[in-house]
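J.: As they're listed, the protein sequences go chains A and E.
Start counting the first sequence at 1; every next residue gets the next number (this note's numbering).
Start counting the second sequence at 160; every next residue gets the next number (this note's numbering).
These are calculated hints, taken from the structure and not from any lab test.
Some hints could be false.
[Unchecked claim] Quick list of in silico lysine-lysine cross-link-like pairs, BS3-like style, CA-CA up to 30 Å:
1) K301(E) / K282(E)
2) K153(A) / K143(A)
3) K216(E) / K41(A)
4) K127(A) / K240(E)
5) K143(A) / K216(E)
6) K64(A) / K2(A)
7) K301(E) / K64(A)
8) K69(A) / K240(E)
9) K33(A) / K240(E)
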Amino acid sequence: MKISFSVNGNPVNVDVDPETPLLWVVRDELKLKATKFGCGKAVCGSCSLHINGDLVRSCSYPVKYAEGKQVTTLEGLSESEKKLHPVQEAWMEINVPQCGYCQPGFMMAAAKLIQEIPNPTEEDIRKNISNICRCGTHPRIIKAILKAAELNKALIAES
Amino acid sequence: MSIQSLKPYLLFLTLIAFVIFESNTYIAQNEVKPVPEKIAHNSSEPSPFQTIIKVLKSPRCMNCHPSDDFPRQGDDGHLHKLGVTRGIDNHAGPVQTCNTCHQDSNNIYTNVPGAPHWGLAPKSMGWQGLTDTELGQAILDKSKNGNRTPEEIVHHMGHDALVLWAWNPGEGRTTPPVPLDEFKKALEEWLTAGTPVE
Numbered sequence: 001m002k003i004s005f006s007v008n009g010n011p012v013n014v015d016v017d018p019e020t021p022l023l024w025v026v027r028d029e030l031k032l033k034a035t036k037f038g039c040g041k042a043v044c045g046s047c048s049l050h051i052n053g054d055l056v057r058s059c060s061y062p063v064k065y066a067e068g069k070q071v072t073t074l075e076g077l078s079e080s081e082k083k084l085h086p087v088q089e090a091w092m093e094i095n096v097p098q099c100g101y102c103q104p105g106f107m108m109a110a111a112k113l114i115q116e117i118p119n120p121t122e123e124d125i126r127k128n129i130s131n132i133c134r135c136g137t138h139p140r141i142i143k144a145i146l147k148a149a150e151l152n153k154a155l156i157a158e159s
Numbered sequence: 160m161s162i163q164s165l166k167p168y169l170l171f172l173t174l175i176a177f178v179i180f181e182s183n184t185y186i187a188q189n190e191v192k193p194v195p196e197k198i199a200h201n202s203s204e205p206s207p208f209q210t211i212i213k214v215l216k217s218p219r220c221m222n223c224h225p226s227d228d229f230p231r232q233g234d235d236g237h238l239h240k241l242g243v244t245r246g247i248d249n250h251a252g253p254v255q256t257c258n259t260c261h262q263d264s265n266n267i268y269t270n271v272p273g274a275p276h277w278g279l280a281p282k283s284m285g286w287q288g289l290t291d292t293e294l295g296q297a298i299l300d301k302s303k304n305g306n307r308t309p310e311e312i313v314h315h316m317g318h319d320a321l322v323l324w325a326w327n328p329g330e331g332r333t334t335p336p337v338p339l340d341e342f343k344k345a346l347e348e349w350l351t352a353g354t355p356v357e
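Same shape as in the complex, but just chain A (with noise of 0.2 Å):
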């Protein structure tokens, strides 16, 4: 089946199974590697991406649902390299990752954090994003999206 939509901003289309997971489309056709796969069922979130703005776990997400929608992965969260989103500012700042593997997932749900609750405590953080990271950075991701969620209110002040 044939099915159209954008990613990161550009036009694609795929001839695949529309059962098949947005993960894969987005990893093994797309070859957008920064998506992971972690558990396979929705709970860990390392599949996390953006799509028309929203978080989804694309493990559980079938292609088909993707047909005229704007998929948005780690690679597009940043107008360019020389403009990092102010969560990819905040990770390098704090140093977050361990071996690394579940922070794209981890990144993704923390845009959309700052994004819906700008001045967020640590409360907020813990309540409103589930992911799992196995190397526990759990602390060093809280201290990242405090600082992002900074670094977003002055980008806007800025603006």
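Put chain E on the given structure of chain A with help from the hints.
T.: Just chain E now, kept in the frame of chain A:
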């Protein structure tokens, strides 16, 4: 004691015996006729309302009709994993919503259940802790049921895609204890009977 002196008592006893005889005759004449076998069998079956309640109280329905702010999972009704809560519009969020994981159909790879407009019923439609009658009253109460008339609530229960998902819940999940066609039949009979809640 002479017979003469017993006469009033004998008259009284005779009168009592007559009354008892007549009463028995009246009861015999007006005795409820034996119920035909077929009807007697039907009367032992659950009423349409009882059939409907069996469905509404099944885990597939109850888990998303909590009286508090926490969706449930499984046949034991445990709290939804990942700390999911009702959110401001019954669809969790604002960061992770129901649609972060649940789509319009059951997922054949992850076995995550899905159906259109997946989410919790509004809190006014919380059913936990209600008796059968209270539940019946609640689903008929327009202040709680989304301002639906009895006809509309029956139509909702018999046609809504999310309600019907209960009979197609995905591998490993039990369905309501009443087949869908029997449930729909009970809904129509209940409506025809005036939606009694007992």
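J.: Against this structure, judge whether each hint is valid.
T.: Outcome of the hint check:
In summary, the hint linking K301(E) to K282(E) is supported, as the alpha carbons are separated by about 14 Å, within the 30 Å threshold. Taking the CA atoms of K153(A) and K143(A), the gap is about 16 Å. The hint holds against a cut of 30 Å. A hinted pair counts as satisfied when its Cα atoms are at most 30 Å apart, and K216(E) with K41(A) qualifies at roughly 28 Å. The straight-line distance between the Cα atoms of K127(A) and K240(E) is roughly 12 Å, inside the 30 Å bound, and the hint therefore holds.
With a CA separation close to 44 Å, the supplied pair K143(A) and K216(E) exceeds the 30 Å bound. For the suggested pair K64(A) and K2(A), the alpha carbons sit about 9 Å apart, so the restraint of at most 30 Å is met. For the proposed pair K301(E) and K64(A), the alpha carbon gap of about 38 Å is over 30 Å, so the pair is violated. Taken as a hint, the K69(A) and K240(E) pair is honoured in the structure, with Cα atoms around 29 Å apart against an allowance of 30 Å.
Between K33(A) and K240(E), the direct Cα distance comes to roughly 28 Å. Compliance with the 30 Å bound is thereby established for this hinted pair.
Consistency with the previously given hints fails for numbers 5 and 7, ordered from lowest to highest.
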